[in-house]
Structures are given as C-alpha cells and as structure tokens.
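Here the protein sequences come in this chain order: A and B. Numbering of the first sequence is given in full-length UniProt numbering, commencing with residue 1 and proceeding in unit increments. Numbering of the second sequence is given in full-length UniProt numbering, commencing with residue 1 and proceeding in unit increments.
Please keep in mind that the hints were generated in silico from the structure rather than gathered at the bench. Small disclaimer: the values here were computed from a predicted structure and weren't measured. The beta carbon of each residue, even a glycine, is placed where N, CA and C say it ideally should be. Just so you know, not all the hints are guaranteed correct.
[Claimed, not checked] Negatives, chain B to chain A, calculated, CB over 12 Å:
#1 I9
#2 W37
#3 S195
#4 Y276
#5 D281
#6 T283
#7 T368
[Claimed, not checked] In silico DSSO-like links for lysine-lysine, alpha-carbon gap of 30 Å or less:
#8 B:K94 / A:K274
#9 A:K208 / A:K229
#10 A:K145 / B:K47
#11 A:K96 / A:K188
#12 A:K274 / B:K150
Take a look at the letters that make up each chain.
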Amino acid sequence: MADIKEFKLEIPQTQIDALLEKLRLSTLPDELEGSAWELGSPLSDVARLKQYWQTQFDFSKFQQQINELPQYVTPVTVEGFGTLDIHFVWQKSQIKNAIPLLFVHVSAKAEIHLSCLSQGDGVNKPAFEIVAPSLPNFGFSEGAKQRGFDISKYAEALNQLMLKLGYEEYVTQGGDWGYMITRTMSLKYPEHVKACHINLARPSHAPKFFENPLLAIKHAIVPYTQLDKQGLARGRWFSAEGSGYNLEQSTKPQTIGYALADSPVALLAWIYEKLHDWTDNYPWTDDEILTWISIYHFSRAGAWASVRIYYEATHATNGIARTRAGSYIPHVPLGIARFPQELYGAPSTWNATMAPKVYQSDNSKGGHFAATENPEAIVRDLNIMLSPGGIAHKVVRDRSGYQRFGSKL
Amino acid sequence: MSSIKPFKISIPDSALSSLHAKLSSATFPNELSDAGWSMGAPLADIKRLATYWRDTYSWRKAEAHLNTFPQYTVPISIPGHDPLEIHFIHARSKRENAIPLLFIHGWPGSYYEVLKILPLLTNSSDPSIPSFHVVAPSLPNFAWSDGPTKKGFGLEQYAHTLHGVMQALDYKEYVAQGGDWGGFLSRLLAKLYPSHVKAVHTNFPVHAFPKPWRNPICFLQAIAGIALSSEIRAGLAHTQKYFDEGDGYLKEQDTKPQTLAYALTDSPTALLAWIYEKLHDWTDAYPWTDDEILTWVSIYVFSRMGAGASTRIYYESGHPLAGSASRMEVIQSYIPNVPLALAYFPNEIVRLPLSWAWTNGPVVQQTTFEVGGHFAAFEVPELLAGDLRKLFGANGPCLGVVQGKRGF
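So that you can see chain A by itself, here it is in the shape it has in the complex:
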C-alpha cells in the first residue's frame, strides 16, 4: 500500500499567471440581440465570468478548499494501458463495518456534498466509507495515452482501485458517465459490485413481453404519468437542441480539443452552457462555476482529454455497445433517482427492466448534476436501499453499515 500517496493540489504560479494572461488577451464575439440562451452561452454572462476569473477569483482559496478533503493518488493497472495514476477522495468511516461506496461523477466537486453521507451513524442510518475518484482523463487523474480506452476500461480502472484499497465488495453511485461506467462494472464484476445507484438511467426500450411479461402488460395498460411524459419530452429536447457538443466530442474530440486547450474563455462557455441548461434553476455562484471550470483547466490530463470518453464509448470494439448499460443486467440491485431536469427521463416501466430489483425515487427538484443540486435525495436513496427492508440491505459481506451492538436487526 506504499504507493497510495496523499495528494495535495499545488498549481504552480506560472500556470495561474498564464491563465490570467490568456484571459487578459481574450477576444469575445458579439451576439444577436435578444438571443438570451437560445444560441448558446450568453455574452454578458461569459464576459462577467471571464472578468471575475481574471480579476477576483481566489486561486489560493480554490486550492485550499480542494485540499480540505482527504485525497490520495495511486497507480492502477489497466490491461493494455499500463498503469495510470488515479486521484481520489477517500472518506473513511469511524464505524468498522461501514459500506464501501464508490462514487462516480464527472463533476469533481460533487464529493464535497457527499460528506453528508458518511455522517450515517451506523445506528439509525447506515454508515458509508466513500471513494470518489477522478476518472482517468479528468480532474487530477492521469490520462490514457492510446486509443481504445472505452467504458470497459474506465470500469476496469475503478474496480482495480477499489480492490487495491481492500474492498472486495462495494456499492456504487453514479451520474453522467458514472451511470454507464457503474452499470458496466455491475455487468463485468458482479462478484465485487453488490448494488448500484444511478441518477441517470437510459433503459434501452420499453418492457418486452417475452422478457418482462408483467411489466409489459403494465406498460400496455397503464398510461404514462406526467413525470414519465415530461422525461420523454426532455429527452427529445436534448436530442434536438442540446446534443451538438455530444456529437462533436463523439466524432472529432481532437478538433474541439484545440479550442479547449488554447482558450479558457472557450472552455468556460462550452461547459457553462451545460451548467445552465442541464440544471433545475440551480443558483450557481460565480465561484462555484469557476471552481468547476478551473478543475478542467488545471486538470492533469488537460481539458481536451476529458472529451475523449465520448469518442471511445462510441467507437468501442470490445463488444459492449454504448447501449448495453440500459439493458437488463443481472445480479445487482439497482436504485434509480429520477430528477425533473435530467436529460433523459425514461418512464418507470422502462426503468424497471434494468435489473432484478429496481428501486426508483421521483424527486421534485434537480437535474443532470443531481449530486450537486440535490445531494440529499441521493443520500436518502442510498440509505433506503442499504437499510433494513431495502433492496440492497446487507449486500456487502460483513459490512452492513450498522454497528453490531444497537443494530436495528
């Protein structure tokens, strides 16, 4: 375990100065009158954020806040790719049999909210021990150097990490790419992944009679709820109006990479559009936004590397299709949290096809970045799933999350 080293973020002043110089020299486009958000990130917002980043954002405080979390970095072996340094937050629990939770979100800041999870006292609520990595190519983890680092490789890297930390069995929580990665992990490693919770679900299809007769009948008879319909509508909006970045990143990540490398303003606008469009009126502060974007800007692999996941997932040659995560995966109980402004909202009957046991929560507030917008909902779901009566109670051998004396059992 000697090569699990503590991590402290220390950005060289030269890098900060280079960023400030680029911001100073930056050129902004004009904008059509009255376009608001329709054609993309509005000029007044981007100009304001650029100015704040350049003149007021506190880079020391930014680093300090990140360094308040217990962080480590360790090399992990991924077949065909050698070893990659994986950075992770590791929030250990006082309670001996706390449940190991792998928290997989692209947003590097979400783990800060998950600290409320490890507050579980092991008496009234299950206790968790949290591992929140930066994915390879993101945050402070190393990037892959060759083609072919597809979703199964991300899955492998994270599973290797958990095993290295001594967790033979664990549960996962994921959103955005974390959805696909954790579902792929439950497909490939059911001996290790004992339960899965996701705040984004893309079931491949409605229930089919020969696979799920009861669900298929229910789907045929019971009309879609209002939430079901809103989710489908949101999915159509996303496909028609919000997925340009997705298609570009899935086909020409190198081309857009030049923009993300060379222009902090371009990076700011590219990401900020999604922080707005994908959330449920979340009241971002400028500091929150620029913290998010600074993590991309100062990431170890570079902001341009982060978009390669789209390309590799689309061009995977390992036989696991991009849609596999949305089909039935056996063995692993699944929790799904639905949020009104998530990008895809499948109907409940579709979600129910994804695993042998599925728990679904319908939440009234939150969007794609649910772990930031509505972390309490995710914590609540995990508590329900892992507590007595939940679909994943005691799934991890010898780690029920409850202290042995005074246990509710």
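Starting from the known structure of chain A, arrange chain B on it as the hints suggest.
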C-alpha cells in the same frame, strides 16, 4: 448605381498584432498515438500551420493579391433588418453579352473560392465557348460583408440579399451557381425569383431522403441490403460515413453557434482546426499549400462580423420564423420551371443516387466527375467551368436562357 462603391481590403495593424500575439501564446492539446485523422485535425499539422502562420505567412502579401480582384460594396435593405453593406467581386467579361452569373459560396468557404475559376468564366478568347460576367458576393456574416444584428435572418433573407446585389448591378436576369449553402440558396432564389433566375447549377446535390425514413442513418442502413448498383452502394456508404463521423460540426452549429463562437473568436488555432478538418476531409486529396489554407482561414479571422457569426446561418435555417423556409424545406422543395443542372464530384459530403435529383426540379444536365470534392470551384476549377460551358454552350440545354446574353 452610386451606392456601389469600390472596395479594398485593409486590415488594421492592430488585428495582425493581436493574431500574432495569440499565436505566440498558443497552447496545444496532446494527441493519442496513432490517432491520425480519425479523431479530428492532427496535432502535427496544426502545430506546423500555426508556426508558419506566426512566423512566415504574410497576410499583407495575401491582402495585396486579393485586392487585385475587382471588389465592391453595396448597401442592401432587407425588411425587418438594418441595411447591410455587402461585399462582392464583380468581374466582367470582355464580351458584352456574357451571361450574368451569380456565384454563391458556403461554409467554411468564402468568396475566395471563386478566384481560381473567375478567369476561366470571364475568358472570352474562344468565340465558341460562352463567357460570363461573374458576381461573387460574400454572404452576410462572411468575409467583408456586414451581418444582421437581430435574429430572424434566415435563408430567405440571405436569398433576398443576393438578389438585391444582382439588381443593384442591373442584371435583371441571371443564372446562379453554388455549392454548400450556395447550392441551397441558388435553388431558393429560383423559387423566390423565377422570372429573374433563368437557370441553376449546383455542385452540391443534396436531396431529401424518401419517406418514410426521416433519419438518414436509418434509411441508409435499411436500404443497405437492397440490390443496388455498386456505384450507388459506394455512394451511400460514403454518405453513411458523413452521418456517422462527419456531422458533429453541423449539430453544434445548428443548435449552439454562440457557444462555439467563443472558441472561434478567441483562439486562432481553434478556428484553424475547426476549418482545416473540413478542408482535408471534404476535398479529394487536394494538395493544399499552407498559404492557401492560411489565407482561407485568415479571411475568417479578419472578417468584418467575426468568425463566430458565420455559423449563424445554420441556426437560423433550422429555427425559421413562422412562414419562412427551413433548410430541410429547401432541400425537399421541387422548384418548377427553372432548369436545374448538377455536378457530381466523388469526395462531396454526400453521394446520393442521380435519380433523386428529380425531386428538386426539372433536371437538364447531370455530370459525374472522377476527381474533386466539396470545394469544386477551388479544387478543380477547369472541370466546373467546363460543366458551365457545356450547360450554356452551343449544344447545351440552357443555351440563351438569359435574354440577349448568350455569352458568345
């Protein structure tokens, strides 16, 4: 007309300094080993071009050359918008009765695309070959033309602008030639001004996929099994590749051109990569020189409205105001009465069956070429000029379509 003024490009020194400063502090991404062109513009190419652009390329030399062409501006009024000052080349043949030809560029092109074919079209040395008076405007939001400040400047507004330029020059009747947006706009002009536009020639044969398939990928996959000639199969496979790998730029420009504009405006290397990828992918092994590429891209850098504005045509064409034509509607329209000629180049973005052209209008000529791509006028000007000469020539289907201006 007194409102037509001669024009010379004169980019201020400050713009050149700013470009130089940005190129000097350019930050590059890395690249995955063996990526080649599969993930986008390769790093070695972009670095080489950026270095050449910073250290060796001379905009002033390019500018001087561009200024040897006959350039003008004219204000054009479009209802609902402020008048726009439109830049255009107007090259007259020595032959008085040469055919007035409106040459329309597209994206990521510019009027620069006409410069090689211009002398071939205006050439009057051979009395048996038709000659043309060529008008090649910069579309609004491109190169030295003005652009609208309000939303709602859609394809019809672009067409009205182009027609306005021809009328300002007293060309009551004319013919239109275009690729990319120029292809769609040529046909839209024929629809809006059938008594003025006497023939349309396009090198961008794009047609709607037959019902019931609205999604091109589904359609292409569906017919993959049906017995078709190997030629059509190959064309459809080529088309499939564009929809699978090559239309990311389209989706972004169709939906979020403002977000993209920050990148295209602030980073010359981002703009270079964004355009250069298409100069490579969409041409037929055209041996671009670095000077050609950098003049092409510098026109975007120094453009009057900024590089970011050029992609608004995509958004507007996909979000038309009530009663206005969308891009898809233009693609789907059958425009009667105006003869339609199409030129088919092998590395065009899509390669669809020739029979589909009849969905767009009365087809009078279809020529298939062995070489050339999307930017045909620039890549193979002699072939495109040859096709126009054939169309309007002594044995051509459009001989004498413009009254009193046979061209020879």
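Status of each hint after checking the structure:
1. I9: holds, 20 Å
2. W37: Given a closest Cβ separation of 9 Å, the condition is violated.
3. S195: holds, 33 Å
4. Y276: violated, 9 Å
5. D281: At about 9 Å from chain A, D281 of chain B fails to clear the 12 Å cut-off, so the statement is violated.
6. T283: holds, 16 Å
7. T368: T368 of chain B is indeed farther than 12 Å from all Cβ atoms of chain A, at 28 Å.
8. B:K94 / A:K274: violated, 57 Å
9. A:K208 / A:K229: holds, 19 Å
10. A:K145 / B:K47: Roughly 19 Å between the alpha carbons, so the hint for K145 of chain A and K47 of chain B holds.
11. A:K96 / A:K188: holds, 28 Å
12. A:K274 / B:K150: At roughly 24 Å apart (the allowed maximum being 30 Å), K150 of chain B and K274 of chain A satisfy the hint.
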